[in-house]
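Asker: If you want the building blocks of each chain, they are given just below.
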Amino acid sequence: GDSVTQMEGPVTLSEEAFLTINCTYTATGYPSLFWYVQYPGEGLQLLLKATKADDKGSNKGFEATYRKETTSFHLEKGSVQVSDSAVYFCALSDNDYKLSFGAGTTVTVRA
Amino acid sequence: KAGVTQTPRYLIKTRGQQVTLSCSPISGHRSVSWYQQTPGQGLQFLFEYFSETQRNKGNFPGRFSGRQFSNSRSEMNVSTLELGDSALYLCASSLGRGRAVNEQFFGPGTRLTVL
Numbered sequence: 001g002d003s004v005t006q007m008e009g010p011v012t013l014s015e016e017a018f019l020t021i022n023c024t025y026t027a028t029g030y031p032s033l034f035w036y037v038q039y040p041g042e043g044l045q046l047l048l049k050a051t052k053a054d055d056k057g058s059n060k061g062f063e064a065t066y067r068k069e070t071t072s073f074h075l076e077k078g079s080v081q082v083s084d085s086a087v088y089f090c091a092l093s094d095n096d097y098k099l100s101f102g103a104g105t106t107v108t109v110r111a
Numbered sequence: 001k002a003g004v005t006q007t008p009r010y011l012i013k014t015r016g017q018q019v020t021l022s023c024s025p026i027s028g029h030r031s032v033s034w035y036q037q038t039p040g041q042g043l044q045f046l047f048e049y050f051s052e053t054q055r056n057k058g059n060f061p062g063r064f065s066g067r068q069f070s071n072s073r074s075e076m077n078v079s080t081l082e083l084g085d086s087a088l089y090l091c092a093s094s095l096g097r098g099r100a101v102n103e104q105f106f107g108p109g110t111r112l113t114v115l
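Here the protein sequences line up with chains R and Z, keeping their order.
Everything in the first sequence is counted per my numbering, starting at 1 for the first residue and increasing by one.
Everything in the second sequence is counted per my numbering, starting at 1 for the first residue and increasing by one.
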């Protein structure tokens, strides 16, 4: 079945550092890929998405490229801020009306 | 546009009781999905409804059930509560068809505690 594997955290960074969170997936079809972010006490917010190979999703300085050859969708941000501290989830949907999520990566950015 | 709303936000129940959670999707969205989030199991899919029909169901016991109304609002019910049902229950809505079929928007969740 479909599955998502993302790097385990927690990840602690200084402000303005570069952030990468690795995500790889297994799917039988051609899934859509997503990154969601969860702030403490809140639900999930869609951060970015990509629906086909080589698509690049971007939002709020975050980027991720759908790499079919490596089945990856790594999240990157060039310069993080304290406000980026949150839990990040990689997810896929294989046209079966559900999202399959990775375990989540906790990111803490220190001033 | 108002986002996904879930009520109540917090619930405390005892083992053996039942509970009903409610979700109102974004206006115009016809699909509602439910997920359970726990520290041990992470985010797990419960079920998805579109136009009052369940299109997919996760691997949960029959104690977990749901329904969707003609106005796209949805409820999920958990009967005979167990301690392990303590979790954050998240509702998500989407258009449910077309290119954005998989793009889901989440509510703030209902925190259920079973004592």
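None of these hints come from the bench; they were simulated from the model.
Quick reminder that beta carbons are idealized off the backbone N, C-alpha and C, glycines included.
There could be a bad hint or two in this list.
Simulated DEER-style distance windows between Cβ atoms [said to hold, decoys possible]: (1) R/S83 / Z/G62: 41 to 47 Å; (2) Z/E82 / R/S83: 22 to 28 Å; (3) Z/G84 / R/G1: 37 to 43 Å; (4) R/A111 / Z/S51: 22 to 28 Å; (5) R/T20 / Z/N59: 38 to 44 Å; (6) R/K68 / Z/T14: 33 to 39 Å; (7) Z/G58 / R/A111: 39 to 45 Å; (8) R/T20 / Z/R73: 37 to 43 Å.
Listed next, the in silico DMTMM-like pairs over lysine to aspartate or glutamate satisfying Cα-Cα at most 25 Å (straight line) [claimed, not checked]: (9) R/K68 / Z/E103; (10) Z/K13 / R/D96; (11) R/K60 / Z/E103; (12) Z/K57 / R/D96.
Asker: Of the numbered hints stated earlier in the document, which are not met by this structure?
Answerer: 2, 3, 4, 5, 6, 10
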